[in-house]
Structure formats: C-alpha cells, structure tokens
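Enquirer: These are the residues of each chain, in order.
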Amino acid sequence: MTSFFLLIFVKKKAMINAVRNTVLAILNKNNYGYISPSDFNLFAKQAQLDIFDEYFLGYNSQINKENGRVSGTGYADILKGYEEVIDTFSVTASLSQTLLNQYSAPTAATTGSDYYLINKVLIYSVITASGNTTAIGGGNTQLIDNTATFQTDGIAIGDVVSVVLANSVVTNLSVVSITNQTTLVVNVASLTTTNIPYSIYKKVNLKNEAEQVNHSKITMLTKSMLTAPNTTYPAYTQEGDTLTLYPDSISSTGRVVSQYIRYPKDPKWTFVSLSAGEPIFDQSQSDFQDFELPEDDVNNLVARILQYAGMSIREIATVQFGQAIEQQENQEQ
Amino acid sequence: MAYLSQYQYYENAGTAPTDKNWGSYQYVTLEDVVNNFQLMYSGNHSLINNEERYKILFHAKRGIQELNYDAFKEIKALELTVYDNLTFVLPSDYVNWVRVSLYKDGWLRPLNENIQVNSAQSYLQGAGGTLTFNADGTVVTDTSSLDTERKNGQQNSIYLNQQNATDQIEFNSQGSWYADYSIGARYGLNTETANINPTFRIDKKAGVINFDSTMLNENCVLEYISDGMEGGDDSQVSVNKLFEDYIYAHIEYSILNSKFNVQEYVINRARKRKTALLRNAKIRLSNIHPGRLLMNLRGENKWIK
Numbered sequence: 001m002t003s004f005f006l007l008i009f010v011k012k013k014a015m016i017n018a019v020r021n022t023v024l025a026i027l028n029k030n031n032y033g034y035i036s037p038s039d040f041n042l043f044a045k046q047a048q049l050d051i052f053d054e055y056f057l058g059y060n061s062q063i064n065k066e067n068g069r070v071s072g073t074g075y076a077d078i079l080k081g082y083e084e085v086i087d088t089f090s091v092t093a094s095l096s097q098t099l100l101n102q103y104s105a106p107t108a109a110t111t112g113s114d115y116y117l118i119n120k121v122l123i124y125s126v127i128t129a130s131g132n133t134t135a136i137g138g139g140n141t142q143l144i145d146n147t148a149t150f151q152t153d154g155i156a157i158g159d160v161v162s163v164v165l166a167n168s169v170v171t172n173l174s175v176v177s178i179t180n181q182t183t184l185v186v187n188v189a190s191l192t193t194t195n196i197p198y199s200i201y202k203k204v205n206l207k208n209e210a211e212q213v214n215h216s217k218i219t220m221l222t223k224s225m226l227t228a229p230n231t232t233y234p235a236y237t238q239e240g241d242t243l244t245l246y247p248d249s250i251s252s253t254g255r256v257v258s259q260y261i262r263y264p265k266d267p268k269w270t271f272v273s274l275s276a277g278e279p280i281f282d283q284s285q286s287d288f289q290d291f292e293l294p295e296d297d298v299n300n301l302v303a304r305i306l307q308y309a310g311m312s313i314r315e316i317a318t319v320q321f322g323q324a325i326e327q328q329e330n331q332e333q
Numbered sequence: 001m002a003y004l005s006q007y008q009y010y011e012n013a014g015t016a017p018t019d020k021n022w023g024s025y026q027y028v029t030l031e032d033v034v035n036n037f038q039l040m041y042s043g044n045h046s047l048i049n050n051e052e053r054y055k056i057l058f059h060a061k062r063g064i065q066e067l068n069y070d071a072f073k074e075i076k077a078l079e080l081t082v083y084d085n086l087t088f089v090l091p092s093d094y095v096n097w098v099r100v101s102l103y104k105d106g107w108l109r110p111l112n113e114n115i116q117v118n119s120a121q122s123y124l125q126g127a128g129g130t131l132t133f134n135a136d137g138t139v140v141t142d143t144s145s146l147d148t149e150r151k152n153g154q155q156n157s158i159y160l161n162q163q164n165a166t167d168q169i170e171f172n173s174q175g176s177w178y179a180d181y182s183i184g185a186r187y188g189l190n191t192e193t194a195n196i197n198p199t200f201r202i203d204k205k206a207g208v209i210n211f212d213s214t215m216l217n218e219n220c221v222l223e224y225i226s227d228g229m230e231g232g233d234d235s236q237v238s239v240n241k242l243f244e245d246y247i248y249a250h251i252e253y254s255i256l257n258s259k260f261n262v263q264e265y266v267i268n269r270a271r272k273r274k275t276a277l278l279r280n281a282k283i284r285l286s287n288i289h290p291g292r293l294l295m296n297l298r299g300e301n302k303w304i305k
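Note that the protein sequences, when read in sequence, are chains A and B. Heads up, the first sequence is in our numbering, so the first residue is 1 and it goes up one at a time. Heads up, the second sequence is in our numbering, so the first residue is 1 and it goes up one at a time.
Same shape as in the complex, but just chain A (with noise of 0.2 Å):
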C-alpha cells in the first residue's frame, strides 16, 4: 500500500500589508495622503514601539484591577492575553562572557537579539567540566581533551556543553555520547579547531537565579555576613551593557542564561516592482518583516500610524481621526 503525504503550505496573509493599505485608503481621500514605502515602514515601526511599550503598562494595570477585584477568571482574564503577547517575546539565552565575571547583556550581536527587559537570570549551580579542546575528530563533533576525566566526572547524555566559536557568541551543544575519559560526541559538527574553551553542565542544575541589585546596595551586600552573594543566591549589577555578576567565581563559558524579553523586529513592507507607479506588495523579499503583535493589534497599528502620517502630511484631521481610533480602544479594554 502507498502512503500519501499531503503537505499543505497555508501562508499567512501579512498583517502589514493589511495595515498599509488601511492606512493608505483612509490617507488617500482627496488624493494627497499617500506616504511612500520607506516612510510606511518608519511610522510602522515606530508605532509598533508605542503598542509595545503599551503592554507593560496595560498589564501592570490589569494587576491593579485584579488586586481592586474588578476583574474575571476564564474569559474574562485579560491578564493572561498580555502574558501571552509579551511571552510570544520571549528569548533564552546564554550571555557572552567579557572579562571574569562579567557578562555582556542580550545583544543583537551576542544572543542573537537585543533586549527590552531582563526578566530573570540564571546560573548554573555546578560546572560539571571544563576545559580546552585538544584535538578534533568524528567529522568535527568530536569534543577530544586529552586532561579531561568526563566518565569520572559524571558527564551524561544530554548535558550542555557550551562553547565559544566565533565573536564571542555562546553556542550551546548538547552531549550525545561519551565515547571515554577524553572524549564526547555532541549533537552538532561544530568543533573544526582546537583550544576552543569548553564547559560542562547538567540543565538541572541550572536552577539559581541571580538577583538584580542596585550599585548602592551591591557594596552593603558582599559585606553582608547572611545575605552575601553566593552561587546558591547570586546576584548582579548593570552598567551599560555589562552585567557583573557576584560572587567572583562565576566566571565561565555559557554558566550565565538570561531569559529577556526582546524588542519587535522592525516592519518592513517590500515591494518588487513599480507599476503605474505603484509598489507591488511581495512578502518573498528576504528583508521582509512582519509586524509581530497579534491580529487584534491592528487597529492600534492604524490608529498609530494615521497620527504619524498625518503629522507628516499636516493633516490635522487624520491624526484627530488616529486619536479618536485609539481612545476608543483603550476604552474597550
């Protein structure tokens, strides 16, 4: 007997295309509204900010209102929505490290993403194994280390073993087999030079959350002889782009994880070519961007980028007219 398989590809209508062209009919009455592509994808990231920054703002309000007990469960729980927009931004990572205890904060350039909000981070309790890769083999997935003991130490399947391989990005493998005391297999044929530092952990034990504390406080802390930072309760300390993190000994590759919460990609509507002078929508362009807030954000999208656009045009009506869009939602909610 023959088996089907039928793939079905169902693509998604782009959400910006359906914003541009509200925006455009709305602009576009008495024919001197229109705003070019370039200055479409401006307004729109610009307004997708503003929406963003929105939810923290609608959420901390949702908890003053359940705390007020005027708000439901099941249906009615509107806390849970926000919970799940702001969760569809939500990235794990491990941090870079710079120097010693230091760690460079979620960067486009380090984990892949910068950040809007460090919600929490993480450290591993135990570094199971650590240290220089002394050789390659296996097809570049060989982990070989001639001083290392990884049987003795308890290294298991499945173990995280983090590297640095390029431009200080953390990359994550995963332990596949343990072939003896000098070497592993990992998941991904990564490993095509020596020397590059390696360590080991047990994703259990990754179960410490460091603590954010402020500069004026982190001194009076290490002082502390009961709250002192410890590897059981670490903490840490911001400055620019560097967290520091205490006590001094946690210091190794991939030891930091941080779950953030990431900006929104910038929107970008793109276009193939014009025709009769206009742009023809084609989502297939390899810088096109979605927005990536929820469907139901659509009107906020509009209203938004009607004020800027009619900022631009001086055309004090279309952002009356945005206003008047946005005041009736935020009053819906």
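Hints may contain errors.
Quick list of in silico lysine-lysine cross-link-like pairs, BS3-like style, CA-CA up to 27 Å [to be verified]: (1) Lys217(A) <-> Lys55(B); (2) Lys80(A) <-> Lys45(A); (3) Lys120(A) <-> Lys55(B); (4) Lys151(B) <-> Lys104(B); (5) Lys204(B) <-> Lys104(B); (6) Lys55(B) <-> Lys223(A); (7) Lys223(A) <-> Lys205(B); (8) Lys65(A) <-> Lys259(B); (9) Lys207(A) <-> Lys20(B); (10) Lys223(A) <-> Lys204(B); (11) Lys104(B) <-> Lys76(B); (12) Lys217(A) <-> Lys207(A); (13) Lys282(B) <-> Lys241(B); (14) Lys120(A) <-> Lys80(A); (15) Lys55(B) <-> Lys207(A); (16) Lys223(A) <-> Lys259(B).
Listing some non-contacts, in silico: residues in chain A with all C-beta distances to chain B over 12 Å [to be verified]: (17) Ile178; (18) Lys202; (19) Gln259; (20) Pro264; (21) Asp266; (22) Gln323; (23) Gln331.
None of these hints come from the bench; they were simulated from the model. These figures come from a predicted structure and were not determined experimentally. Using N, Cα and C, we set each Cβ at its ideal position, and we do this for glycine too.
Keeping the supplied structure of chain A fixed, place chain B upon it in accordance with the hints.
Expert: Relative to chain A, chain B alone:
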C-alpha cells in the same frame, strides 16, 4: 527539593557519603523556604510584593537563627582533650553552651562553672608599678599570676577541690587506714555546686573555656548550640518541618513590619499568626504523647526511702 527514592535515602544512590540523606526528611532546606515563600507569599496578588530576595533570605535566616537559640533541641557536642594550656577552644559555630562535662572512667561528669574569675590579662610592670610600652604605643603584656597559678595547680578552689576527704593525710590504726573527715568544717558551703570535679569558666571574648589544673589531659565534652547557619553554606541550612509554617509567618511579619504604609491591623494579624505558629511548633516538638506520660507516671508510687 524533590522527593528522594528509597535508594537515594538509604545509600545516597551509591555515592559517598552514603549516609548523607539519613533523617533528611525531617527538614526543609533554606533554599526551599525562600523559594516557597517567593512562590506562595509574595507576588502581584499577595500582601508582599516588589521585595528584594535578599531581604526574604535575611529574614529567613534570622528566623532560623532564633529558632536554633531556644526552640530547636538541636544540641551539638564536641569532645576534645585538655592539654597544658588548660583551655578548650570554642567550636567555630559556637553560640552558647549547654553543658561542659568531663568524660572519665566511662562516666560523663557534668562540670560546674566557676563563678570566680580564673583568667586575667596582665601588663608588665616595672618598679613602682610603671608600665612598659611598645614602639606603637601599646602596653607590653605579661602572663597573670591568676593564670600561672591556675595552670600550676596552686589556685585554691571554693568548690572543695582542696581539703576534701580524699586530700586528708591518712593514718594507720591497728592495721587499718583512716582519714580525717572534716565534719562541721564546711558551713556555708554551696552544696549545689560542691563536688570534686574540675571547674571551668568561659572567656567569651577570648573564645576559650579555661579549666583548673585538675582537668589536665582529661577529655572534655562540650554540649553547645549553634545558630544553624552551617558555616555560611546556604545549601546546608535547614529547618525542622514542624517550624516550616512558622518561618513563612516570621518572614511575612518581619517584612510587613518594616515596610512603609502597611496598615497596623495587617501587621498585627501577621504578628499573631507568627506567635501562634511558634507556640504550636514548640508543643509539637516537645513530643508529648500518652506513652511518654505513662512512663513518667509510673514513678509516682516509687518508695523514696
């Protein structure tokens, strides 16, 4: 902390030390206490929110320390031999002593604390009582007579160490040996403390127990209490499960009590809860049950004489 399997409990899953988990079920770790408190008593919909973890940790530890001082019955014991300097250095986790004993001939003999000073600092004095100073202005010290004579066994005791029956010169009469017995010579003696055993005095600042010379080369057992902080290793700090709820209440009260703009009735409610839970836990820990009472009451008909 996850529950342990029987194998983990009895043999620590085959890793040394195999007795690591014995009795561990009686306790809840500090890590669990702080974690549970943050999860259950702190947050957006709780009385306590936006509080730094280190404050919760601080109050948790302070609560555990207080419990160790008087509520827990977790007395530690350390045996050391007393050598020439006649001192017993207090353990590194010592907070207060419960009993000091001499272990000799198979008997544990509780010792009495000397109410008199038995050790003192002394300054080196010249003719006319002048003092000598070092270049940095500190006075030159010397060994006090009190210490020297105590260590040499020249110090008299108010506790019958001298002139008691065993110290009398014996005499022979008709083939039998006799010794004087000081009948009527000890009026005013504090019978509560009178015994032949060595005496001690704790020098808290110096961190030592000073003994009289009769303790030389003897085994001393110190029973003491600690503060439960396990030498600063937070992963080892734990509290008896009977006090678990109390610790949460203690943390909650301590934070509310020091927080601005908390209504007095909320603080009072927290305080009452904390106090009641402490009382309950102490009663539970005292382990009063019919079987024990029965054993105690069996002695009621015993003939004294």
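Enquirer: Give a verdict on every hint.
Expert: Hint-by-hint comparison with the structure:
{"no.": "1", "hint": "Lys217(A) <-> Lys55(B)", "in the structure": "holds (12 Å)"}
{"no.": "2", "hint": "Lys80(A) <-> Lys45(A)", "in the structure": "holds (25 Å)"}
{"no.": "3", "hint": "Lys120(A) <-> Lys55(B)", "in the structure": "holds (18 Å)"}
{"no.": "4", "hint": "Lys151(B) <-> Lys104(B)", "in the structure": "holds (20 Å)"}
{"no.": "5", "hint": "Lys204(B) <-> Lys104(B)", "in the structure": "holds (26 Å)"}
{"no.": "6", "hint": "Lys55(B) <-> Lys223(A)", "in the structure": "holds (14 Å)"}
{"no.": "7", "hint": "Lys223(A) <-> Lys205(B)", "in the structure": "holds (23 Å)"}
{"no.": "8", "hint": "Lys65(A) <-> Lys259(B)", "in the structure": "holds (23 Å)"}
{"no.": "9", "hint": "Lys207(A) <-> Lys20(B)", "in the structure": "holds (22 Å)"}
{"no.": "10", "hint": "Lys223(A) <-> Lys204(B)", "in the structure": "holds (24 Å)"}
{"no.": "11", "hint": "Lys104(B) <-> Lys76(B)", "in the structure": "holds (20 Å)"}
{"no.": "12", "hint": "Lys217(A) <-> Lys207(A)", "in the structure": "holds (24 Å)"}
{"no.": "13", "hint": "Lys282(B) <-> Lys241(B)", "in the structure": "holds (12 Å)"}
{"no.": "14", "hint": "Lys120(A) <-> Lys80(A)", "in the structure": "holds (20 Å)"}
{"no.": "15", "hint": "Lys55(B) <-> Lys207(A)", "in the structure": "holds (20 Å)"}
{"no.": "16", "hint": "Lys223(A) <-> Lys259(B)", "in the structure": "holds (23 Å)"}
{"no.": "17", "hint": "Ile178", "in the structure": "holds (18 Å)"}
{"no.": "18", "hint": "Lys202", "in the structure": "holds (14 Å)"}
{"no.": "19", "hint": "Gln259", "in the structure": "holds (16 Å)"}
{"no.": "20", "hint": "Pro264", "in the structure": "holds (24 Å)"}
{"no.": "21", "hint": "Asp266", "in the structure": "holds (32 Å)"}
{"no.": "22", "hint": "Gln323", "in the structure": "holds (31 Å)"}
{"no.": "23", "hint": "Gln331", "in the structure": "holds (24 Å)"}
Violation of the numbered hints given earlier is absent; every hint is satisfied by the structure.
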